[in-house]
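Chains as they are written, first to last, in our numbering: chain A, 47 to 355; chain B, 263 to 535.
By construction, these hints were calculated from the structure, which means they are not laboratory data. Please note that a few of the clues may not be correct.
As the list claims (entries may be wrong) - Partner residues are not named here, just some residues of chain B that face chain A (Cβ under 10 Å, in silico):
#1 ILE368
#2 GLY376
#3 GLY379
#4 SER389
#5 GLY413
#6 THR414
#7 GLU417
#8 ALA418
#9 ASN420
#10 VAL448
#11 LEU451
#12 ASN486
#13 SER488
#14 LYS490
#15 SER505
Each residue gets a CB set at the ideal place from its N, CA and C atoms; glycine is no exception.
For reference, the chains in residue letters:
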Amino acid sequence: MMDLRDAFFGKIFEIIRDNKQAILMTADHGAFWVSEIEKNFPDQYINVGIAEQNMLSTAAGLALCGKKVFVYGINNFIIMRSLEQLNIDICGMNLDVNLIGVGSGFTYSTDGPTHHGVQDLAAVINLPNIKVFNITDKTSSIKIADISLNESGPKYFRIEKGTVQDIYDDTDDFNEGLKLINKTENPKITLISTGYMTQICYNLINKLDIEIDLIDVYRVSPINKKALLSSIRSNIVLSVEENLYSGGLGEKIASILLYNNKFVKFDSVAVENGFCFYYGTREQLQAKYNIDETSIINKIKDLIIHHGT
Amino acid sequence: MANTIIHNKRRKDLKTSILNSILNSGKGHVGGAFSVLDILMCIYYDQTNVSMIKEKNKSRDRIILSKGHAAIALYAILQDLDFFNKSELMRMNNCGILGEHPDKGIPGIEVDSGSLGHGLSLGVGISLASKLDNLDYYTYVILGDGECYEGTVWEAANLASHHNLGKLICFVDRNRLCIHGDTEDVNKLEPFSDKWQSFGWNVYNIDGHNQEQINLTISNIKNNKSNKPNVIIANTIKGKGVSFMENSHKWHHGGLSKEVYDLCISEIEQENL
């Protein structure tokens with residue numbers, strides 16, 4: 047099985063190899079494929095040192111001159127630290143800068159809140175023009191990486207590392223922004239999740255004797271409202287994410303449901319607002335914040351008991 | 263001498279346009295506009311091929327007014343050079359295309375600016391692109407001295423030097439005033455030249471109102487063909503040309519009464535006579 051980060055960067059490597067106008071920038075953040083790009087295409091690789099704000103504005107300057115720029119770094123530093131540069135220089139001028147972020151949720155579980163990527167999503171989805179993607183599996187890694195080639199404008203890819211099971215296959219085109227990846231005959235509840243959490247949800251639905259629909263929102267911004275509303279076929283909806291409650295996927299979905307008179311029982315699984323000074327594995331932190339598989343299962347059962355028909 | 267007469271007349275006309283616009287719109291950054299005007303005039307009228315900017319030719323010089331709050335000076339020049347209808351200047355801040363900070367949608371403007379500390383980084387990216395594409399253009403970035411408190415200015419300065427961006431020409435409008443007073447009282451910038459030098463830049467310290475000196479410095483940079491990026495510390499006077507505005511941080515931003523406007527106009531008429 048292929049590592050998700052390798053799958054994504056393998057595609058970026060091809061784009062840079064085939065397009066001399068493509069450039070990869072980093073703020074001294076490495077990965078196997080970053081080294082490969084540096085080694086093979088040194089003229090298309092720029093390491094600015096640990097200076098993310100400058101990196102984003104410099105990327106904007108390059109994009110103003112027709113370059114397709116990829117910017118790689120840890121979510122918090124390329125988004126949270128550099129939010130104004132991203133907002134004004136890249137999103138405001140609608141430039142072809144592709145941000146590739148690692149460290150979504152509790153990926154860097156032992157590194158503390160400076161590295162926990164639980165706020166960046168809320169920050170970035172309110173910026174103009176930018177499209178925000180979460181990676182779910184190997185196929186989505188490769189095909190969503192392709193979007194950076196085929197579409198201009200600002201984009202933010204929250205990628206994952208490690209190996210996971212395949213959910214998508216080659217027939218999926220990733221144009222819709224979301225997909226009902228588990229469709230039951232008579233769903234009692236619909237889970238809506240994104241990125242890493244989709245894998246957890248996908249694994250748990252077969253452990254319950256409940257008909258559960260699962261929607262994967264791989265493009266978190268802009269959300270395809272029409273597709274989302276038409277995919278919800280149950281009276282109970284539960285959003286699942288590895289971000290803070292405030293401003294994340296759950297609140298976005300709740301507002302879409304309300305604005306469109308889609309009256310369902312809605313609840314969400316997300317990280318309690320605050321800074322996490324608890325150190326352990328990603329799974330241990332997820333358990334601590336009640337966003338692990340057991341917590342989601344308990345939440346589903348509770349919703350069915352109290353609101354199921 | 264003929265050039266000096268032409269420039270003096272043009273400077274007077276541009277300052278009049280600036281004052282007319284501010285009087286009409288009710289407010290504007292008059293102090294900074296008058297300190298940066300000579301720098302912008304030299305770049306646009308003497309150093310760059312304006313028609314290439316109009317054509318958006320990929321080899322055009324790029325001019326970035328990072329101290330976006332002085333946009334009214336730039337607008338006055340752009341309307342004089344027919345980038346847009348002259349009536350727009352009188353519609354500034356009043357539902358036309360011009361606001362107090364420049365945006366890329368305005369003909370002749372390359373980047374959005376207004377938040378300080380972005381322009382040099384953008385300029386570094388643009389100048390890097392010229393190297394990568396083997397194009398011959400110069401990238402001009404105009405910073406305010408107060409803007410140099412922003413950390414990104416120095417992040418960009420370091421990167422420019424590392425990449426040998428010899429066709430990057432950065433002006434610092436060194437009027438020594440930020441909103442609350444003298445830069446040396448607020449948070450001292452000196453030794454300013456040494457700082458740039460230590461970052462690996464060619465440093466030129468000049469009179470920012472002496473157009474002959476400004477042009478000579480730019481010509482020297484172009485002739486030297488150094489690999490180092492270039493900074494021209496242009497010593498200027500905030501509110502230049504109007505005695506009661508000169509060196510006063512109170513005229514950073516504000517409106518003009520008709521009485522004050524008339525006084526300004528009469529002083530500008532006398533300037534350089």
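Restraint: B:ASN486 near chain A, CB-CB cut 10 Å. Satisfied or not? violated, 24 Å
Holds or violated: is there a CB of chain A closer than 10 Å to the CB of B:GLY413? holds, 8 Å
Can the hint on B:ASN420 be confirmed by a CB-to-CB distance to chain A that is less than 10 Å? holds, 8 Å
Can we keep the B:GLY379 interface hint, with Cβ of chain A closer than 10 Å? Holds: closest Cβ of chain A sits about 8 Å from B:GLY379, inside 10 Å.
Supplied contact hint for B:THR414, tested at 10 Å Cβ to chain A: OK, holds: B:THR414 within 10 Å of chain A, min 5 Å.
If you take the shortest Cβ to Cβ gap from B:SER389 to chain A, is it below 10 Å? holds, 8 Å
Cut-off 10 Å, beta-carbon criterion: hint that B:ALA418 touches chain A: It holds, given that the least Cβ distance between B:ALA418 and chain A is near 5 Å, below 10 Å.
Identify whether the interface hint at B:LEU451 stands, where standing means a beta carbon of chain A within less than 10 Å of its own. Cβ of B:LEU451 sits 20 Å from chain A, so the hint is violated.
Holds or violated: B:LYS490 as interface residue toward chain A, Cβ cutoff 10 Å? B:LYS490 check fails; min Cβ-Cβ to chain A is 18 Å, beyond 10 Å.
So, B:SER488 near chain A? Judge it on the closest CB pair being under 10 Å. violated, 21 Å
For the hint on B:VAL448, just tell me whether its beta-carbon gets within less than 10 Å of chain A. Nearest chain A Cβ about 22 Å off; hint violated.
Given B:GLU417 as an interface hint, is its Cβ closer than 10 Å to any Cβ of chain A? holds, 4 Å
Of the hints listed earlier, those the structure fails to meet are numbers 1, 10, 11, 12, 13, 14 and 15, in rising order.
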